[in-house]
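Trainee: Based on the provided sequences and hints, a complete structural model is requested.
The primary structure of each chain is shown beneath.
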Amino acid sequence: MRNTYIYGCAALLSVYVLFHSCQSEDAIRTAQYAVNGQKLYAAQCQNCHGAKGEGLGNLYPALTDSAFLLNHREQLACIIKNGLKDTITVHGQLFDGEMPPNPQLAPIEIAYVLTYVGNSFGNKMGIFTLEEINQALKACK
Amino acid sequence: MRIVSFLIGSWIIGAIAGCSNQETKTLPILGSREPITKAVDGKTLTDTLYHSIPEFKLLNQDSTFITNHTFDNGVYIANFFFTHCPSICPTMQRNLLKVYERYKGDERVRFLSHSIDFRHDSPSVLKRYADKLGVTNDQWQFVTGSKAEIYSLADAYMVYTKEDGDAPGGYDHSGYFLLVDKDKHIRGAYDGTNDAQVQLLLDELALLLKEYE
Chain F
1 MRNTYIYGCA ALLSVYVLFH SCQSEDAIRT AQYAVNGQKL YAAQCQNCHG AKGEGLGNLY
61 PALTDSAFLL NHREQLACII KNGLKDTITV HGQLFDGEMP PNPQLAPIEI AYVLTYVGNS
121 FGNKMGIFTL EEINQALKAC K
Chain D
1 MRIVSFLIGS WIIGAIAGCS NQETKTLPIL GSREPITKAV DGKTLTDTLY HSIPEFKLLN
61 QDSTFITNHT FDNGVYIANF FFTHCPSICP TMQRNLLKVY ERYKGDERVR FLSHSIDFRH
121 DSPSVLKRYA DKLGVTNDQW QFVTGSKAEI YSLADAYMVY TKEDGDAPGG YDHSGYFLLV
181 DKDKHIRGAY DGTNDAQVQL LLDELALLLK EYE
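These protein sequence lines map, in sequence, to chains F and D.
Take the first sequence: its position 107, counting from 1, is numbered 107 in UniProt numbering, and each next residue is one higher.
Take the second sequence: its position 148, counting from 1, is numbered 148 in UniProt numbering, and each next residue is one higher.
Careful: at least some of the hints might be erroneous.
Said to hold, decoys possible - Below, computed lysine to any residue pairings styled on SDA-like, alpha-carbon distance capped at 25 Å:
#1 D:K127 with F:A43
#2 F:K39 with D:R119
#3 D:K127 with F:Q93
#4 D:K127 with F:A67
#5 D:K98 with F:A42
#6 D:K210 with D:D106
#7 D:K98 with F:P101
#8 D:K98 with F:Q46
#9 F:K85 with D:R119
#10 F:K141 with F:L94
#11 F:K85 with D:K132
#12 D:K104 with F:Q44
#13 D:K132 with F:L59
#14 F:K124 with F:A27
#15 D:K162 with F:K39
#16 F:K39 with F:P101
#17 F:K85 with D:P86
#18 D:K162 with F:K141
#19 D:K104 with F:A67
#20 D:K57 with D:K210
#21 D:K132 with F:T64
#22 F:K52 with D:D166
#23 D:K127 with F:T87
#24 D:K162 with F:F121
#25 F:K141 with F:A27
#26 F:K81 with D:S87
#27 F:K39 with F:Q93
#28 F:K85 with D:K98
#29 D:K162 with F:A43
#30 F:K39 with D:S174
Hints listed in this document are in silico derivations from the structure and should not be mistaken for laboratory results.
Mentor: Spelled out as structure tokens, the structure:
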């Protein structure tokens, strides 16, 4: 009876450890992507969008509008790759300037930078995987 | 015993530091200087001619001409940029905006941004840019002129500017803020993309304003 109890506890514990390690593996991968993305962000995006994603006046939109990012999740990779000419509304403000394209960025680099932006500045979008980015890039207009 | 000597030591250090803080620092006059000799009452006196910003007349964001006399009643901070500059300009203008916002309404401090893109940055383009940046009064002027005018002024401000097809956006330039006093002398130069340098500008601007109190 006592043994059964111990085995039961051990089984529960191993399930817990297994579950937890899986979860933290995802978290580690997200963190790795975000760290890589931070360097790319500083080099490619920060000048206009700011170190805290605050943007600049009505010239460059902030990256803190989580609703905008969530609603446009599928288009974000294309915007980074090909730039943007459309007028967009961010935090209720119209932005009609042009964003330059970044054709030099590889899909994995776009995954890094989006994972960084998507999990910084108050955003909680989880990881952008390479598969997701490749899928999104195929659908670019 | 040890504690006492430690205390005495720290008092001495504190006193020295306190004294040196009370010295009023004045900013240097930057640039080349040459001696000029003149005869006054039969005696030959030698004076120093300091580098200063020459006269200029440029179109601003409201399509009106401004001159160096627009800035006669105070000090100003000058820089060089262009509106579609993808490299250092946004960071530079973000930092200058912080200084502008701090001194907004204080007529002793003005701002002068020269566009080095004489082809694209017409007054209307500059106006739109200024509006979007959040500049709402004439304390911050955005100006355009001929290539010769702007680039020779850049030399006078000791800022590197060059039309360069290989540079991002087509122009290469340095992102310095130049602090200019009422006599058109350059009193400080600060890297507009570096937070510590921008803080130094704020400190030294306050110091320069004290000279006129």
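Trainee: Hints first: check each against the structure and report whether it holds.
Mentor: Status of each hint after checking the structure:
1. The hinted pair formed by K127 (chain D) and A43 (chain F) fails the criterion: a straight-line CA distance of about 29 Å is larger than 25 Å.
2. Of the pairs offered as hints, the one joining K39 (chain F) and R119 (chain D) is violated, with about 34 Å between alpha carbons and a cut-off of 25 Å exceeded.
3. Proximity of K127 (chain D) to Q93 (chain F) is assessed by CA-CA distance (about 19 Å); at most 25 Å being required, the pair is judged to hold.
4. This hinted pair does not check out: K127 (chain D) and A67 (chain F) have alpha carbons roughly 31 Å apart, beyond 25 Å.
5. With a CA separation close to 20 Å, the supplied pair K98 (chain D) and A42 (chain F) stays within the 25 Å bound.
6. A C-alpha spacing of about 14 Å is found between K210 (chain D) and D106 (chain D), which places the hinted pair at or below 25 Å, so the restraint holds.
7. Between the alpha carbons of K98 (chain D) and P101 (chain F) the distance comes to roughly 28 Å, so the proposed pair goes past 25 Å and is violated.
8. A threshold of 25 Å between alpha carbons decides the hint, and for K98 (chain D) with Q46 (chain F) the separation of about 17 Å falls inside it, so the pair holds.
9. Of the pairs offered as hints, the one joining K85 (chain F) and R119 (chain D) holds, with about 22 Å between alpha carbons and a cut-off of 25 Å not exceeded.
10. For the hint pairing K141 (chain F) with L94 (chain F), the CA-to-CA distance comes to about 22 Å; that is within 25 Å, so the pair holds.
11. A C-alpha spacing of about 17 Å is found between K85 (chain F) and K132 (chain D), which places the hinted pair at or below 25 Å, so the restraint holds.
12. With a C-alpha separation of about 31 Å, the suggested pair K104 (chain D) and Q44 (chain F) falls outside the 25 Å cut-off, and the hint is violated.
13. Simply put, K132 (chain D) and L59 (chain F) have alpha-carbon atoms about 5 Å apart, close enough for the 25 Å limit, and the pair holds.
14. With a C-alpha separation of about 12 Å, the suggested pair K124 (chain F) and A27 (chain F) falls inside the 25 Å cut-off, and the hint holds.
15. A threshold of 25 Å between alpha carbons decides the hint, and for K162 (chain D) with K39 (chain F) the separation of about 29 Å lies outside it, so the pair is violated.
16. A distance of roughly 18 Å separates the Cα atoms of K39 (chain F) and P101 (chain F); the hinted pair therefore holds under the 25 Å criterion.
17. A distance of roughly 15 Å separates the Cα atoms of K85 (chain F) and P86 (chain D); the hinted pair therefore holds under the 25 Å criterion.
18. Straight-line distance between C-alpha atoms of K162 (chain D) and K141 (chain F) comes to about 37 Å, which puts the hinted pair past the 25 Å bound.
19. For the hint linking K104 (chain D) to A67 (chain F), the alpha-carbon distance of about 33 Å lies beyond 25 Å, and the restraint is violated.
20. At roughly 29 Å between alpha-carbon atoms, K57 (chain D) and K210 (chain D) are farther apart than 25 Å, so this suggested pair is violated.
21. The straight-line distance between the Cα atoms of K132 (chain D) and T64 (chain F) is roughly 18 Å, inside the 25 Å bound, and the hint therefore holds.
22. Of the supplied pair hints, the one linking K52 (chain F) and D166 (chain D) is violated, its CA atoms being roughly 30 Å apart against a limit of 25 Å.
23. Taking the CA atoms of K127 (chain D) and T87 (chain F), the gap is about 19 Å. The hint holds against a cut of 25 Å.
24. With a CA separation close to 36 Å, the supplied pair K162 (chain D) and F121 (chain F) exceeds the 25 Å bound.
25. Between K141 (chain F) and A27 (chain F) the alpha-carbon distance is near 32 Å, which puts this suggested pair outside the 25 Å criterion.
26. Annotation: proposed proximity of K81 (chain F) to S87 (chain D) holds, straight-line Cα distance about 17 Å (limit 25 Å).
27. Between K39 (chain F) and Q93 (chain F) the CA atoms are separated by roughly 28 Å; this puts the pair beyond 25 Å, and the hint is violated.
28. Note on K85 (chain F) and K98 (chain D): the hinted pairing is violated, with a Cα-Cα distance of about 28 Å set against a maximum of 25 Å.
29. Taking the CA atoms of K162 (chain D) and A43 (chain F), the gap is near 23 Å; set against the 25 Å cutoff, the hint holds.
30. A hinted pair counts as satisfied when its Cα atoms are at most 25 Å apart, and K39 (chain F) with S174 (chain D) qualifies at roughly 23 Å.
In this structure, the earlier hints numbered 1, 2, 4, 7, 12, 15, 18, 19, 20, 22, 24, 25, 27, 28 are contradicted, and the remaining ones agree with it.
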